[in-house]
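S.K.: Sequence:
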Amino acid sequence: MTEHLNRLTPRQIVFELDQYIIGQNDAKRNVAIALRNRWRRMNSPEDIQREIIPNNILMIGATGVGKTEIARRLAKIADAPFVKVEASKFTEVGYVGRDVESMVRDLVEQAVGMVRLQKKEEVKIKAEQAVEDIILDALIPPVHGSGSAKPVTDNGSEEMPQSDAELNQRTRERFREKIRNGELDSRKIDIEVQQNQMPNVGMIGGAVDDVSMMNIQEMIGNMMPRRGKKRKVTVEEARKLLLDEEASKLIDMDEVKLEAIQKAENLGIIFIDEIDKVASSRSGGSGPDVSREGVQRDLLPIVEGSAVNTKHGVINTDHILFIAAGAFHVSKPSDLIPELQGRFPIRVELNSLTEGDFYQILKAPKNALTKQYSAMMESEGVELEFEDGALREIARIAFEVNSEVENIGARRLQTVMSSLLNDFMFDIPDVIGDGSHIAITAEMVQDRLSALVKNRDLSQYIL
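Here our numbering is used: the first residue of the sequence shown is 159, the next is one more, and so on.
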């Protein structure tokens, strides 16, 4: 589990984040240190490991400056289970709200999925062999019987097979080669696909929590017999359908669950967005403020460290990394209850994006919008090119609209780019055919977007 983290030094982590996120160096440094500290804890003496708690992070910044993206990319770099929740979701239903432990259960589900996928890769070769045998049986059913020995001529070459079993075996081997070479992918065969009859169970009367309901459904589902359903599919489709089924048979799910819980406990990251929405702007209030404070107190034991029951087992949240984020336009971090403030010792303020940042966002990241549009047009055989002046003009317009209307950060670039390129996207491939070249210049950007910028009613820009 620690081998992958061993290669990720704080500088390497920041370098990886720089491939996708522009600026926000302070936030990157802090999350890089937090991630590296996990490896340091797991390689510390055992008597101190349990005492080292993660330094949870509170990110403060307007929407669209990169808070969620930093956390999401961090999880991908570390190959860690990641869950994003919105704190405001816990207050929508009323005072009771949604069960806050659900985010921990979601994290475990993510971890189980990751470990299962990893185990399937390990048994992929065996599963492919089993699938190959099933397809072969459907094409050329085996003939069971005692075949006679192969007569051999004087020159050492084999004669014609002398039994049905031997002939069947030779035919199967020839068809096995055809299957491997893809020559039979379009051939239709009949296969049997296992179906798990999972019933829909509802409870009348007393309240039943999510875990109990899932356990009841799983228990009844396991009691129901698995039914096989006959399907007529091509060999290519059969290979896809059967591969997952055969791989699952080779995986020990108890081992998967145990490893997944350990992965979630030691590497899991939970991102709590809109934490400012549950911050009470005044103390001793009533109504919504009571509900907000109630959510904070529900979150507190999860962040502090507690045991949470899931359908895969009990998970301790002591070493899960929590990253909370909020704009804090109306409230401020000090409006959170003191106990919760103390559980987020690292506070990072993310900067609002400048015109120069917008320019770099369009140009530098691996997943830049300009590269995305170029890739989509390239799939139609059309080459899209952005001149440097055009990128600067797009950045200027996005920054200007953010300044005059609502500041939605880098998301503004999506609306500006959409307005700029929608006509081209509509005309491809009917009007603009294969082999065409589109060059976006600064003058084109001004012609297409200047009227919209001058118009104060910018409703179409609002996401």
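You may find that some hints are simply not true.
To be verified - Below, in silico cross-link-like pairs of lysine-lysine (DSSO-like), each with a Cα-Cα straight-line distance of 27 Å or less:
id: 1; residue 1: LYS407; residue 2: LYS284
id: 2; residue 1: LYS242; residue 2: LYS407
id: 3; residue 1: LYS242; residue 2: LYS284
id: 4; residue 1: LYS388; residue 2: LYS407
id: 5; residue 1: LYS490; residue 2: LYS278
id: 6; residue 1: LYS490; residue 2: LYS247
Treat the hints as calculated values from the structure; they're not laboratory data.
S.K.: Under the constraints set out in the numbered hints, which ones does this structure not fulfil?
M.R.: Hints 2, 3 and 5 not satisfied by this model.
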